[in-house]
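Read top to bottom, the protein sequences are chains A and B. Its first residue numbered 1, the first sequence is counted upward by one per residue in the working numbering. Its first residue numbered 82, the second sequence is counted upward by one per residue in the working numbering.
Warning: the hint list may mix true and false statements.
[As the list claims (entries may be wrong)] Listed below are the simulated DSS-like cross-link pairs for lysine-lysine, each with C-alpha atoms no more than 30 Å apart in a straight line:
id: 1; chain 1: A; residue 1: 54; chain 2: B; residue 2: 497
id: 2; chain 1: B; residue 1: 396; chain 2: A; residue 2: 20
id: 3; chain 1: A; residue 1: 12; chain 2: B; residue 2: 396
id: 4; chain 1: B; residue 1: 482; chain 2: B; residue 2: 396
id: 5; chain 1: B; residue 1: 481; chain 2: A; residue 2: 20
id: 6; chain 1: B; residue 1: 479; chain 2: A; residue 2: 12
Honestly, the hints are just simulated from the structure, not real lab data. Predicted model only: the values in this text are computed from it and were never measured.
Okay, here's what each chain looks like letter by letter:
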Amino acid sequence: MDIKTEVIVQFKQVALEHDKQLAPLTDNLALLDSGLDSLCFAIVVARLENSLGKDPFSDDEDARFPVTFGEFIRFYENAAS
Amino acid sequence: MLPANPACLKSSIVAAGNLSSRILVGLDTKANWEELVHGSILEGPTDGLHGQSVLIATVDQFRAAAALIELDGIARRMVLYPPDLSLDHLPYVAKTADADVLVTDQAETAAVEHGVGRVIFCKRNVTQGKVDRAPIYASAIETEWILLTSGTTGRPKLAVHTLASLAGSAWHTDPASASLVWSTFYDMRRYGGLHIFLHAALTGTSLVVSSALESTKDFLARAGAHGVTNISGTPSHWRRALMSPFADRINPEYIRMSGEIVDQAILNQVQAQYPHARVAHTFASTEAGVGFNVNDGLMGFPAEILTGNPLIEMKVKDGTLRIRSTRTAVRYLGDDSPVLKDDEGFVDTGDTLELRGGRYYFTGRRDGIINVGGYKVHPEEVEAVINRHPVVAMSLVKAKKNPITGALVVADVVLKTLPMDGPPDPLRQDILQFCRGELAPHMVPTVINIVPMLAVGESGKLVRRA
Numbered sequence: 001m002d003i004k005t006e007v008i009v010q011f012k013q014v015a016l017e018h019d020k021q022l023a024p025l026t027d028n029l030a031l032l033d034s035g036l037d038s039l040c041f042a043i044v045v046a047r048l049e050n051s052l053g054k055d056p057f058s059d060d061e062d063a064r065f066p067v068t069f070g071e072f073i074r075f076y077e078n079a080a081s
Numbered sequence: 082m083l084p085a086n087p088a089c090l091k092s093s094i095v096a097a098g099n100l101s102s103r104i105l106v107g108l109d110t111k112a113n114w115e116e117l118v119h120g121s122i123l124e125g126p127t128d129g130l131h132g133q134s135v136l137i138a139t140v141d142q143f144r145a146a147a148a149l150i151e152l153d154g155i156a157r158r159m160v161l162y163p164p165d166l167s168l169d170h171l172p173y174v175a176k177t178a179d180a181d182v183l184v185t186d187q188a189e190t191a192a193v194e195h196g197v198g199r200v201i202f203c204k205r206n207v208t209q210g211k212v213d214r215a216p217i218y219a220s221a222i223e224t225e226w227i228l229l230t231s232g233t234t235g236r237p238k239l240a241v242h243t244l245a246s247l248a249g250s251a252w253h254t255d256p257a258s259a260s261l262v263w264s265t266f267y268d269m270r271r272y273g274g275l276h277i278f279l280h281a282a283l284t285g286t287s288l289v290v291s292s293a294l295e296s297t298k299d300f301l302a303r304a305g306a307h308g309v310t311n312i313s314g315t316p317s318h319w320r321r322a323l324m325s326p327f328a329d330r331i332n333p334e335y336i337r338m339s340g341e342i343v344d345q346a347i348l349n350q351v352q353a354q355y356p357h358a359r360v361a362h363t364f365a366s367t368e369a370g371v372g373f374n375v376n377d378g379l380m381g382f383p384a385e386i387l388t389g390n391p392l393i394e395m396k397v398k399d400g401t402l403r404i405r406s407t408r409t410a411v412r413y414l415g416d417d418s419p420v421l422k423d424d425e426g427f428v429d430t431g432d433t434l435e436l437r438g439g440r441y442y443f444t445g446r447r448d449g450i451i452n453v454g455g456y457k458v459h460p461e462e463v464e465a466v467i468n469r470h471p472v473v474a475m476s477l478v479k480a481k482k483n484p485i486t487g488a489l490v491v492a493d494v495v496l497k498t499l500p501m502d503g504p505p506d507p508l509r510q511d512i513l514q515f516c517r518g519e520l521a522p523h524m525v526p527t528v529i530n531i532v533p534m535l536a537v538g539e540s541g542k543l544v545r546r547a
């Protein structure tokens, strides 16, 4: 499974588990408008660490936080390459 | 003219000056401090509040702030009920605090069977009364301020403070403070937020308060529009702010973090976003009060900080930070409440420290409390729920480090009988579903590991640390 697909799966799964209304996941969607709260993001990051073996948030102390959904995906793609 | 009475918040605000030029900004209301000091937020007649125990349970922070200003020095006791705390605890808190009056801005809160004899609703904003109430405050009494913290049983603990213990050294006005605008992601019904509210009130600055009803984006826009210069929050608050497209709406000169372990990543990331800001972190807790500030941009703190302030005595004993000062809480309320201080008056913060190269680093909690984005989770409370599931023999709940919320809850679970066939996934899902029905979202384990056994020590208790 490629990174983008896996990220989408986790966003949808966590939204479902937490009864959150997920906005359409377009590249320009601001993460904080996605419908997920901080706890949901924390869970997504933990699950992605399990499935992709990467946690770019923790790997680089100087990394700038992604703001949009597209940046979030690139954040993981760049970390994975 | 209000009398100079240091026991009273109103007169202390007046002493700080800048009354008409500085403002308190809420979500949909604002007022200058002059209006707050002389006005009233409470509906209807408010006589008879002298010497009463008042439970303040508003959703809106501005109204809570106005009520605190109005009631300090009059009420015997003020209880600050956080808006994110379940109303299920309201009867317990009211009883423990011996509340005579409930102040709220919500019909839903008033309708709870809270057992409090009198309910007073808040107005939308303060209004100026015709009666000179100065004589009331001339005989101000020292009001107890009650802050709620999480307890092992799931019920909140009620920590007693006074205005003096909360405000500490924030009594002198710096002439430069008139141009400052403080804000905080914290709610002022929590220690971190109350500290900033009192700092602004007593040093003569404006303050923009957040709201539980407002998104991070909207709060940042509002804070930016009011020219916030100083702002505080937990590392989790800041991580969320940095993920917002409106992070650049604020341009603070000073940023402070507290309430959770501060790691180097969040210090660097906040500094990168706000290159001109001074970024500091603070150790403080509801029980132990304010400990110290760290201003060198690094996580942890230099060992000499422990002995650097004669007014706040600190030491590390049995691996945890202990604090003795006039800033600590006085005691807990309630008959079966735990003891707050040891024989020498030190409060054990429960925060574990490790000394490496002349610098102390926080490593977690001795009691295993997990801090999920500022919400404290007692593992035993989660284990008690998991253990009620019919297939579970025992469980161990622990923290997993997380870059967004600092930590998440995970659980190792021993089943009564191992499933004969198939993967344990449906079982895990079933246990999780059971937890979701019983626990607040931040308490639900994010991962359930099925394990063959858990270590039990000689005391018969689960071994919580490797």
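Okay, the hints, checked on the actual structure:
no. : hint             : in the structure
1   : 54(A) to 497(B)  : violated, 34 Å
2   : 396(B) to 20(A)  : violated, 45 Å
3   : 12(A) to 396(B)  : violated, 48 Å
4   : 482(B) to 396(B) : holds, 27 Å
5   : 481(B) to 20(A)  : holds, 23 Å
6   : 479(B) to 12(A)  : holds, 26 Å
The structure shown violates the earlier hints numbered 1, 2, 3.
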